[in-house]
Amino acid sequence: MALEDFAAEMDRCSSCSYCKWMPFDQIKSWRFAKNCPSIAYHNFNSYSARGRYLVARSLLNEQSETSDTVRQVVYTCLACGSCDVSCKGCRYNLEPLEMVRELKSHLVEDGQRLGEHLAIIESLRKENNTMGAARSGRGAWADGLKVKHLPAEKAEVLFHAGCRISYDKEFQKNARFAVQILLDAGVDLGILGEQEMCCGGRIYSMGYRDDFTRLAKANMATWTKSGVTTVVTSCSDGYHAFKRLYPKLGSEVEVLHTVEYIDRLIKEGQLKFKNEVPLTVTYHDPCHLGRQGEPYIPWDGVEKKIKSQVVVYEPKKPRYNGAWGIYDPPRDILRSIPGIELVEMERIREYSWCCGAGGGVREAYPEFSTWTANERIIEAGSTGAEALVTACPWCERNFLDAINGQDSGMKVLDIIELVQRAL
Amino acid sequence: MTLPKNVYKAFEDIVGATNISDDPVVLDSYRYSLAHTAIHLGPYYNTFTPRGAAVLLPGSAEEVQAIVKLCNKYKIKFKASSTFWSAQGYPSEENTIQLDMRRMDRILEIDEKNMFAVVEPGVIAATLQAETMKVGLNTHIAGSGCSCSVLASATSYFGSGPSNLYGGWFYDNLLGMEWVMPTGEIFRTGSLGSDCGWFCGEGPGPSMKGVARGFLGAKGAMGVFTKCAVKLFAWPGPESLPVEGTIPSYRAKLPDNFKAYTLAFPSWKAWADGVYTIWDTGIGYLAHRQFNMFGRDLKFAMVKILTDPTKTLGDLEEFLADLEVQEVTGQMKRDFQIVLVGMTPRDMAWQEKALDEILARSGGWKVEAMNVPEIHDWALLYLIRLGHKNLNLVFGGSYDGCFGLPGSADFGASNAEEAGQFKKEWEQRGAVVEAGGDCQMGPIGGQGGGGTCLWENFTCFDPSDKFSTEGTLEFFDAATEYGIKRGWGVGMEKWNGAARGPDGKTTSKEERDKMHLSAPQPNVFRYQHKVREALNPNNLGDEYFCRKN
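Which chain is which? The protein sequence lines are A and B, in order.
Residues are numbered in our numbering as their position in the first sequence, beginning at 1, plus a constant of 475.
Residues are numbered in our numbering as their position in the second sequence, beginning at 1, plus a constant of 16.
Treat the hints with care, since some could be wrong.
[What the hints assert, rightly or not] Pairs of lysine to aspartate or glutamate, EDC-like flavour, derived with a Cα cap of 16 angstroms: (1) A:Lys780 <-> B:Glu255; (2) A:Lys503 <-> B:Glu255; (3) A:Lys644 <-> A:Glu892; (4) A:Lys791 <-> B:Glu334; (5) A:Lys623 <-> A:Glu591; (6) A:Lys779 <-> B:Asp121; (7) A:Lys509 <-> B:Asp121; (8) A:Lys791 <-> B:Glu333; (9) A:Lys792 <-> A:Glu573; (10) A:Lys792 <-> B:Glu334.
Bear in mind the hints are in silico, worked out from the structure with no lab data behind them.
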C-alpha cells in the first residue's frame, strides 16, 4: 500500500469527529467520554484521525510540506486504534488506523524520522531488541527455569517473552511464573532465550515496515526450525504482531496470549485456586490484545460499487472493528480468583482508553505519554478499585512510571501476579 | 496568507503559544470538503473551504472577548465552531481566524429542580444527556446527532430533531446566553441579563433570541456564544443507558415504559392523519422518519445489516434478494418511528391504547419485523442517543439533503411521492445511490412539539467520484427548479446558496443582492442587514447572515 491508495478515503472521510469520542451509545459521563488521547491532549483537529486524513491529503496534493509540525502531528498517534472503532460504528468503507499507519510509513520512507525512534531502530538492527540493551542478556530472565531452549531443542509451544519482559526486571517474575504454569500443565514448551528477537510490532506502529518485515521473517524462520506450532506470549504488542501482522507474511502458527491459555486451563479444571486474594480491581484492556487482537482474515480483493454508488468490496472484505478481540478471558480469570472483586471502568473493551505507551509515543513524547497514562489511572481510581490490572508489560510500565510521579495509592498489577497469589 | 508577526503575537499573548497555530498543515485540518454534508451548499468535487489565517483555541469567554476585540482592531474576520459537523463552521473567506471552541467544554450546571443545564460550546449532546439522565432528566438532541455541540445547535443553527415532539426543539429550549458580540462586548440575554440566573431566554432581562439566532441561526456570523442554558425534560428511565451487544449493533433493553415502534400507513393521507392525531392526542416522546434516510428500497436491508455485527454493506444485495426482507420493505414504504415513554405504568398503558386507536382510525399498522427484540432495542437506543448519525454517509461517503422544507404533515406527505419519483432519474443514471427515490427523513413535530414536519430527501453519493458529484449537483439544481415550478419552494439544497459559491468562498455582494431582491419577501433581508450593520459594524463574521441595502 501507499499513501495514494488512501486518496479516496481522504475524500470520503466527512470530518464528522466520531473518531474523537468513544462510541456514543456507550458514553456514561462527561469526564470519560473521549477516546483519542492525541486530540484530547493537543486539541487541534490535525491530531485526530479526521485531521490526519486532511493532513495526508494536504501532503499528497502538495498543499503543504513536511515540517516539525507534520512530524509531531503524525508521530503523536499512539496507533491505539480507538478512532478506528468509533469510525466503524457507522462506516464500512474507511480504515483510519490503516491510513495513519501508512502516513507514518510515508514519513519514514521520506526520511522524516524522529531521533528517538532512530535510536530504537539502531538498537534493533544491532541487538534485535527495542530496549537499547545487549542481545546477550535477553535470556537472563529465565535463568534457572527448567525449560527447553530452542532452536537447539524442539518444542511445540514457544513462550515469547518480548523485549520489555526480557529486559525490565520488574516483570520478569511474571514471565517465569507464566512459563511454570504452562510447564506444570504439561505443555511441551520452550523459549528462545538470547536468540529471541523483537516481534517488530512496536516499530511497525512507528512506521518502520522494512525493519518489521526483516524481524518477522527471521522469527518465522526460527519457529519453523524449532518445530513450533503455537506461540504464547504475555506481551500484547507481541500478540498483535504475531496474530494479525505475521499471517500477512505467511505465518500459520497458532497465537495465544497467556491469559487465553490460563483461562483455558481454569475452564478445563487443570488450574485451581486455593488462596483468597481480597482485592477490588479494575481491568485495563491493552489496545493490542483487545480491539487490535482480532484474528487475521486473509483478503485479496478490489473495491466495487453496487446500487450505483454504494462502495463495497469484491470479494467481501473482512471487517476489523474491535468487536472480536480478547476481552473475556482476562475478566473470567479475575472473576474466578476467590476474593477478587472486578469493577469496570467506563471505557473498556473495544472502546478502552490507551495506556499511552504505543506508536513510539512513550519514547518520543514522554510528557504526552505520561498524561495519557494518568488519565487512565484517574479513571481506574473513580471505580473505587485498589489495583489497576492489565495484561501487557508496556501498559504496566507506563502506568507504573506515571504513578511514580504522583501521590496515588493505586497499585498496578499484571494479571499473572494475581493468579500466582491465588494458587 | 498568514497573519503579520505582530498580530500573531498579539493573539498568542491571549491564548498562549500552545493554543494557536498558523502552520499550513494544521490549517488544512480546518478545511471542509464541500462534497460532505455541506447541506445548503451543494457538492463540488475536490473543493474545500478556504484555508484560514490561524486557528485559535480559546479557553474562556474573556479570551474570546480579547480575540474579538483584536479582530476589530485589525479588521480580521473570525469564525467560531465547536464540533464542526458541517461547512457552516469553517471560514468562507481567506484571512479569517478560525476559533476552535473545543477547550471550552464544561457542563457548568445542571439545575435539577428548574430543569435546565448551562453549557460551554464544546459540550456535545451525548455527554450532556449522560449527565442529565443521572438526575432523571434528558436533553433535546439535534437531528445532526449527539456528536454535535449543544450550544451550537441551540444558538447558531436550527436545532431540530426527534425529541421536538416532547421536549421541544432548540429554539424553544434556549434560555439565557452569554454572547461575545461581533464588536467584542459581552452581552447576556434573557434572565441572565438581569442577574436573575439562566432560567429564561426571553426575560425579565433583554430578549435578543430573535436577533441572535432567529429561526435558523446565524451560523457563527454574529459573534461567539460562550455559554448558554438549555431547557431539559423528564427522563423516566435508568441513570445510565443499559447498553449491550456487539459494536456496531449496540442495543438497550429499557423498562416496559419505553417502546420504539415503526408505524406505516396505506397512503400518505393516512400517514398525515395519523401524525395529526398523535399531535392532538399528545402521546410520544420522540418521533422521526429516521431509517428512510437509507431510502425506501434499502432501509430494512440496512436495518438487518446494522443489527448484525457480522454483516457489512457487502451483504446488502443478499438481503435485498431475501423475500422476507422484500415483504417488510413493502410494508414500511410510508413510515416513521415513534418512541413512547410512559411517566407511569398507567400513562404508558394509555399511550399504547391511544396509539392503537390512532392506527385503527387511520388504517396504519406497527411494522412487526421492527419489534423483534434485537431490532427494537437497537432502534430504541438509536433514537434516544442519536449516536449513529454518521450513517448518513455510509454508502458512498457523502450525502446531502434536498427538497427539505418545514411544513405541515400534509405538505411533506403531498410531495414525498412526486419528489421521490423525480429523484429516480438521477438514481437510474448512476450518479446517486439507487435507494427507491423516496429518501425523505426528518422529525415528526417541530416548534412547540407538533404542527410541523421537516423532511430532507437524502441523496447519497461518492465524493471521490467526479461523475457522482457532478450528477448530484445537476440533480440538486434540477430539484430547486422543480420545487419552484411545483410551488414547494427552494429546498434545503439551496438554503445558503447565497453564502458560498462553488469555490467554497463567500459570493460577491452583487450576487447576493440579486438573489435577495428576487426573493418573495426581500424586506426580510433588508431587516437582517440592518440588524447586522448595527451589531457587526466592521463586518467581521462571514456572510451567512444575509445582507442587502
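Status of each hint after checking the structure:
The straight-line distance between the Cα atoms of Lys780 (chain A) and Glu255 (chain B) is roughly 43 angstroms, outside the 16 angstroms bound, and the hint therefore fails. At most 16 angstroms may separate the alpha-carbon atoms for a hinted pair to count; Lys503 (chain A) and Glu255 (chain B) meet this at roughly 9 angstroms. A C-alpha spacing of about 14 angstroms is found between Lys644 (chain A) and Glu892 (chain A), which places the hinted pair at or below 16 angstroms, so the restraint holds. Between Lys791 (chain A) and Glu334 (chain B), the direct Cα distance comes to roughly 12 angstroms. Compliance with the 16 angstroms bound is thereby established for this hinted pair.
This hinted pair does not check out: Lys623 (chain A) and Glu591 (chain A) have alpha carbons roughly 36 angstroms apart, beyond 16 angstroms. For the proposed pair Lys779 (chain A) and Asp121 (chain B), the alpha carbon gap of about 41 angstroms is over 16 angstroms, so the pair is violated. Taking the CA atoms of Lys509 (chain A) and Asp121 (chain B), the gap is about 12 angstroms. The hint holds against a cut of 16 angstroms. Distance check on the hinted pair: Lys791 (chain A) and Glu333 (chain B) sit about 12 angstroms apart at the alpha-carbon level, within 16 angstroms; holds.
Distance check on the hinted pair: Lys792 (chain A) and Glu573 (chain A) sit about 14 angstroms apart at the alpha-carbon level, within 16 angstroms; holds. Under the criterion of a C-alpha separation no larger than 16 angstroms, the hint pairing Lys792 (chain A) with Glu334 (chain B) is consistent with the structure, at around 15 angstroms.
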